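Could you put together the complete structure from these sequences and hints?
Residue numbers (the numbering used here), protein chains in the order written: chain A, 1 to 112; chain B, 1 to 114.
Calculated from the structure, these hints are not laboratory results. Since we're looking at a predicted model, the values are computed, not measured. Glycine is no exception: its CB is placed at the ideal position from the N, C-alpha and C atoms.
Derived lysine-lysine pairs resembling BS3-like cross-links, with alpha carbons at most 30 angstroms apart: (1) A:K9 <-> B:K61; (2) B:K113 <-> B:K61; (3) A:K9 <-> B:K101; (4) B:K49 <-> B:K113; (5) B:K49 <-> B:K68; (6) B:K101 <-> B:K49; (7) B:K101 <-> B:K61; (8) B:K49 <-> A:K9; (9) B:K101 <-> B:K68.
Some residues of chain B that are not near chain A, with every Cβ distance over 12 angstroms (derived): (10) S14; (11) G16; (12) G28; (13) D54; (14) L56; (15) Q58; (16) F63; (17) E64; (18) S70; (19) N75; (20) V81; (21) H82; (22) S84; (23) A86; (24) V112; (25) K113.
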Amino acid sequence: NAGVTQTPKFQVLKTGQSMTLQCAQDMNHEYMSWYRQDPGMGLRLIHYSVGAGITDQGEVPNGYNVSRSTTEDFPLRLLSAAPSQTSVYFCASRGTSGDEQYFGPGTRLTVT
Amino acid sequence: AQSVTQPDIHITVSEGASLELRCNYSYGATPYLFWYVQSPGQGLQLLLKYFSGDTLVQGIKGFEAEFKRSQSSFNLRKPSVHWSDAAEYFCAVGENTNAGKSTFGDGTTLTVKP
Numbered sequence: 001n002a003g004v005t006q007t008p009k010f011q012v013l014k015t016g017q018s019m020t021l022q023c024a025q026d027m028n029h030e031y032m033s034w035y036r037q038d039p040g041m042g043l044r045l046i047h048y049s050v051g052a053g054i055t056d057q058g059e060v061p062n063g064y065n066v067s068r069s070t071t072e073d074f075p076l077r078l079l080s081a082a083p084s085q086t087s088v089y090f091c092a093s094r095g096t097s098g099d100e101q102y103f104g105p106g107t108r109l110t111v112t
Numbered sequence: 001a002q003s004v005t006q007p008d009i010h011i012t013v014s015e016g017a018s019l020e021l022r023c024n025y026s027y028g029a030t031p032y033l034f035w036y037v038q039s040p041g042q043g044l045q046l047l048l049k050y051f052s053g054d055t056l057v058q059g060i061k062g063f064e065a066e067f068k069r070s071q072s073s074f075n076l077r078k079p080s081v082h083w084s085d086a087a088e089y090f091c092a093v094g095e096n097t098n099a100g101k102s103t104f105g106d107g108t109t110l111t112v113k114p
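As structure tokens, this is what we get:
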């Protein structure tokens with residue numbers, strides 16, 4: 001049982017490049033989410049999903065896309081990276097509403 | 001919309017001293033409340049959670065928190081801090097809905113003096 005895994009751990013992009021941050025969980029959780037963490041700003045919700053085929057926007061969705069084709073995977077796509085997207089990205093999953101969220105180890109992204 | 005305020009950005013305590021981290025929330029119904037801890041370079045780990053019932057909840061590592069509806073607060077406490085407790089602490093409120101989105105506070109960084 002690996003929990004929530006994220007790849008890569010570190011990534012450097014140039015402005016305008018695209019990339020996908022991978023997230024997978026093996027706990028059969030319906031709910032998955034992506035957050036970004038910036039100094040002094042806590043975690044802000046980017047996108048979330050309540051099950052395969054269902055996604056919705058969070059607090060800061062601009063510049064990011066998601067899809068949920070399987071219960072296990074929830075990739076986050078940056079279409080055209082900008083320096084403002086330099087951040088640490090966390091993926092999380094949970095079971096039913098009210099359960100704790102299980103977090104991945106994070107991806108540290110730098111956009112130059 | 002729900003919100004969470006952690007008034008203290010940074011707290012320093014001596015090892016062995018007691019600790020209280022403050023958390024105030026805004027939510028229109030009965031909330032789900034959580035405290036998470038994050039060590040440097042790591043993801044977040046749940047310390048404790050409150051859904052209903054007893055307003056004093058016990059968590060891991062000797063932490064406890066008390067839910068006070070009248071004050072919209074969910075403060076985290078520990079009677080005697082250990083050096084290994086140095087970390088960043090996040091309070092979160094979860095929606096009591098099917099989507100159940102969570103909103104996090106900005107965090108409190110705890111430094112422990114020897």
